[in-house]
Amino acid sequence: MNQPLLSIRGAQKHFGPVRAIDGIDLDIQENEFFALLGASGSGKTTLLRMLAGFEMPDGGQILLDNQDVSHIPPNKRPVNLMFQSYALFPHMSVAQNIAYGLEMEKLPKAQIKARVDEILQVIQLGDLARRKPDQLSGGQRQRVALARALVKRPRLLLLDEPLGALDKKLRGDMQLELKRIQLEFGITFIIVTHDQEEALVMADRVAILKDGKLLQCGTPHQIYEQPESRFAADFIGVMNFFPVTDVAGILTAQDGSVITADRTLTKGGQGVAAVRPERLRLDGVGDNAITGTVTATAYHGLDLQVHLRTPAAPDPVVMRLTADAAEARPLAAGDTVTVHWSARDTRVFAD
Amino acid sequence: MRSIANPRLMLMILSAVFAFLYIPISVLFALSFNEGGLPTAWTGFSVKWYGELFRNSDIMGAALNTLIVAVVSTILATVLGTLLAVGVEIRRRKGRFLETIIFAPMIIPDIVLAIALLSFFSLLNVVMGLHTIIVSHVVFNLAFVCSVVRARLKTFDWSIVEASTDLGAPMIVTLWRVVLPVMLPAVIAGALLAFTLSLDEFIIAFFTAGAGRDSITLPMQIYAMIRFGITPEINALAAIVMTVSVVILALSQRLNRGGLPGQ
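These protein sequences, in sequence, are chains A and B.
Here the working numbering is used: the first sequence runs in plain steps of one and ends on residue 351.
Here the working numbering is used: the second sequence runs in plain steps of one and ends on residue 263.
Source of the hints: derived by calculation from the structure; they are not laboratory data.
Remember, it's a predicted structure, so these values are computed and weren't measured experimentally.
Take every hint as true, because none was put in to throw you off.
Part of the chain B face toward chain A, derived, beta carbon under 10 Å:
(1) Trp158
(2) Val161
(3) Ser164
(4) Thr165
(5) Val178
(6) Val182
Using C-beta positions, here's what the derived DEER-type ranges look like:
(7) A:Ala298 x B:Trp158: 35 to 45 Å
(8) B:Ile108 x A:Lys169: 51 to 61 Å
(9) B:Met10 x A:Arg180: 52 to 62 Å
(10) B:Trp158 x A:Asp351: 42 to 52 Å
(11) A:Ser137 x B:Met10: 33 to 43 Å
(12) A:Asp134 x B:Leu11: 31 to 41 Å
(13) B:Ile240 x A:Asp134: 35 to 45 Å
(14) A:Asp134 x B:Gly61: 47 to 57 Å
(15) A:Gly16 x B:Ile108: 32 to 42 Å
(16) A:Val201 x B:Phe103: 49 to 59 Å
All C-beta atoms, glycine included, are put in the ideal place defined by N, C-alpha and C.
Same shape as in the complex, but just chain A (with noise of 0.2 Å):
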């Protein structure tokens, strides 16, 4: 096993009677493309300013390149951020912007302009260098910022939420342009978003956050197919929920239908079974069947989610029909329909 890149260990933050961080302990790799999920106030963007410096633990090690720096302040830190607001200098050009940090490590005045330049084109922005950033669009001036932290090249590089203002065309471009700088640059990149889509696209490994502590942490695969708790179900994709009873091992939903599990709920008693929207299937296989009436179909382009609504759940069970299955079998609101899942994609979780 390689030495990590970061280890946070047992860390934790207080503010007043609130537990912004309650005892976190994780590892990051050289070159990761790890991504910090959360919704607000999970602590996420607290954890973040905590490894850029800002914040000081209250307990527990940040060790980075296993020298321990979680009292070192931010501008002595080989660690960048590229702020949520960008936070560019307003009186600055772009290239006047890039150069600051570079200044700062006090580099000979050629080498700096050298970089400067290296990064204008790798972010595309050649020809903006003199403007300044109020004469920028949007997403020249993330792409700015991300070079102006990019520069430095740090051995972490943290972004606090960097596509959340920009427009949802643009976002899925630019998911795609951060992932070829990182793999180009080669700098373990760390991510803040409450965008669940986002650090599943983008992300080598994810972790979720919630309440100051640490939910889950694996691979998007990992965290949507194997998700450990009701919560991280819940908050990852979308999830239909069957409140059962579990009594010696056999699950029974509301309606006193048997639901089968690969697994069953440890102490028996209260919990629910889970199971992705495109689990469910109209052809009649799988060893879990429920009945229910179609409240309402929308056509999504590359399938069809299918509302029904079921003595099975308290909420419409949501269906995804792949384009092909929707028109082998159509269905309109009205339609009493059973739909199948294997025991494999059940997941059960105790209250």
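Please build the complex by placing chain B on the supplied structure of chain A, with the hints as guidance.
What follows is chain B alone, placed relative to chain A:
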């Protein structure tokens, strides 16, 4: 639907308002160049009253006093007012009480402030002179500088301070290269405003100048001279003071438009 506003009527009203505002000032300017010196008859163009003005040692002494008061009180008020504005902005969430008491000297009538300062200095047995005028001018100029700088700070993006630190700058470099340049237009605008206010301030200076000729400022000198009728020299003096004030105010307005130099 037809517009209610008749453009021609609007233009007439506008012209009338500007005439009302600026005809007296134009008359003053014209008379300052009147060779005969009488307000009733134009006898020819001349700058001789300006010459007279500069030979009048009373007026020149008062002008020097005014300049000393304006410069010193502006410097003090600018430094303190800027610091105050930054401090208040940082503690903004602690409520608006602080804001109200800071801006009080701007709102309360000059005469009240003048009496208050006079009573205060008398109570402390301070010998009054130019220094008490300076202190008094700092009191109200502080509020003006603070309000101008605060207006700027309201839109100040504090994350650029963190960005500078993150990029490796020590605090002092951040202040010099990031905070000051962004705030500078507002600080200069505040200073210019303070300077013009101090330049023609009469009531407070009159109350806090103490006895004797040593601490007479220009407005006080003009007031003293005017009791014997308006002389052409006063017209010339007023024209100069006016011009200086207008130029400085225009400069201040320009800087305070919210933009940065060169934009």
